[in-house]
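Chains as they are written, first to last, in our numbering: chain A, 1 to 272; chain B, 1 to 276.
Fair warning: there could be bad hints in the mix.
Said to hold, decoys possible - Derived pair list, reagent style SDA-like, types lysine to any residue, alpha-carbon separation capped at 25 Å:
1. A:LYS106 / B:GLN121
2. A:LYS179 / A:LYS63
3. A:LYS63 / A:ILE269
4. B:LYS142 / A:GLY37
5. A:LYS215 / A:LYS106
6. A:LYS263 / B:PHE37
7. A:LYS215 / A:ILE38
8. B:LYS142 / A:CYS198
9. A:LYS106 / B:GLY50
10. B:LYS119 / A:GLN85
11. A:LYS265 / B:THR94
Everything labelled a hint here was simulated from the structure, so no lab data went into it.
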Amino acid sequence: MFTSIKYVLGENLRNIYRIYCIAKYELLADMRDSKFGIFWNFASPAIQVLTYWLIFGVAWSRKPIGDIDYLPWLVVGYAAWWFVQPCIQSGCSAIFSKTNVITKMKFPVSVLPATVCAKEFFNHCCMLLIAFVTLLLCGHGPNFYWFGLIYYALCSFAFVESVSLILSVLTMLWRDVRKLVTSLMRMLMYFSPVIWECHFADSIPYHDILNFIMKLNPVYYIVNGYRDSVFYYKGFWQHPTLTLYFWAVVLCLFAVGCMLMYKFKRKFIDLI
Amino acid sequence: MDISNYEKNEYAVELKHVSKIYKLKKKEGEPKGSEMFYALRDISLQIKKGDVVGILGTNGSGKSTLSLVLSGISDIDGGTMAVNGEQALISINTGLNNQLTGLENINVKGALLGFNKKKIQEMTEGVIEFAELGDFLYQPVKKYSSGMKSRLGFSISLALDPDIFIIDEALSVGDKGFANKCLDRMMKLRNEKDKTILFISHSLPQVRGFCKTGLWIEGGKLMEMGPIDTVCDHYSEYVEKLNSMPAKEKKELLDEKFKERLIVSEKKSFWSRLFG
């Protein structure tokens, strides 16, 4: 287990420039595809958020959550989700989409999930900018606790990297994994506090068990972490149990991902 | 791998009873389970350091599989393989992005090949000079003709500096002038830098002119290895014999060859692959 973790970590660290370059030029190629290029990196998440806000915020007239209006609350949560969701989804095909490269040259396959995450991280930054603008317009000025966002961005990067390590290998073994994940992502979104707070009221039976189950979802920690930093003046040290649990989960996932990657590193070409 | 390893050993590559097995899909209507197929079967060979080996064989005989195995991309299923030194497969069109310009693609492919920033900056000029693309360098690669694409791809690959070059039908692209230029460059590598070169090509004159040793694979098995002219003669004799055969006889022979390479086994499930 430790050899595999060492192997994957080492390969990723040695190839940081390679990861950066691949991510950068893939983004650039995406932008060249369309006339407006980088505009869409901002527009598509903005339109998504607008849709959710129109439906849940305006049409269903949601009350403010706590003392925060629904729109800023949604934007921050969605910013976190806009990193997790595309990473996991395209992380599935991280290796598969690079078939032509790994069959034709000696290539460190284990860096591929990281390239996907790095690429999506750029989109995440675009979305964060949108979120900042919205926050300022809604009257939430920056404060010291906003630096917590850096920590939570790191958390989410570790999480999505581990998940896409696993999923990219599983997709190579069994192509259906990608379809399965695409379908499950929607479910995961509704079971994460992205558009609702994932908190069952006291009137619902078994509400404390349900609330506990909701907290087991690692995405819960990430999304709520973003919100804690922005609205609630809370740092990650203020809920140590959840922090410990989250990192334990991430480390387990990462270890499993490394073991899978190590085991199959030279078999991928035969699995295509 | 360290270079001293390459210098120390007499042989650049040593294969002992190497086999490579591929899985085949069953034809419809047959019982479930997959068939295995020997892509390479019991190949033993030694390639001396500084040798230039031409690999010959008809289509589907396992040449490309051998190149994948030798370059360390594909894992072997049996036998032992020792490669002393660093090897690289020269692949032309891989890693070029159609949306980006030629100049940007030098960075893309350079990064894919694992060069650092400094090395890419250093090599860029040489690549531009060698590829002779002119102002097309600033056009997206999707606008390139296939010959131009190969020029760019090959020029970037030349920046690699391994001990063992593996070239899979790489020089058969581009116009004659460029092919000759590439060949000249490879000759220079061969003569000056004491590199080992494995060269796969269907062009017999090219192979005869360039290589010292011939290696002929047929049906996944090693047929002959020896001085290039002898092997080339035997190979062309075989191809002519095959071509002069009546169609039916030829088909029977090929079918028989195919059956020899099959191994029948039961299906392995997803879970057994994961934990097996």
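For each hint given before, does the structure comply? Return the numbers of the non-compliant ones in rising order. 2, 3, 5, 7, 8 and 10
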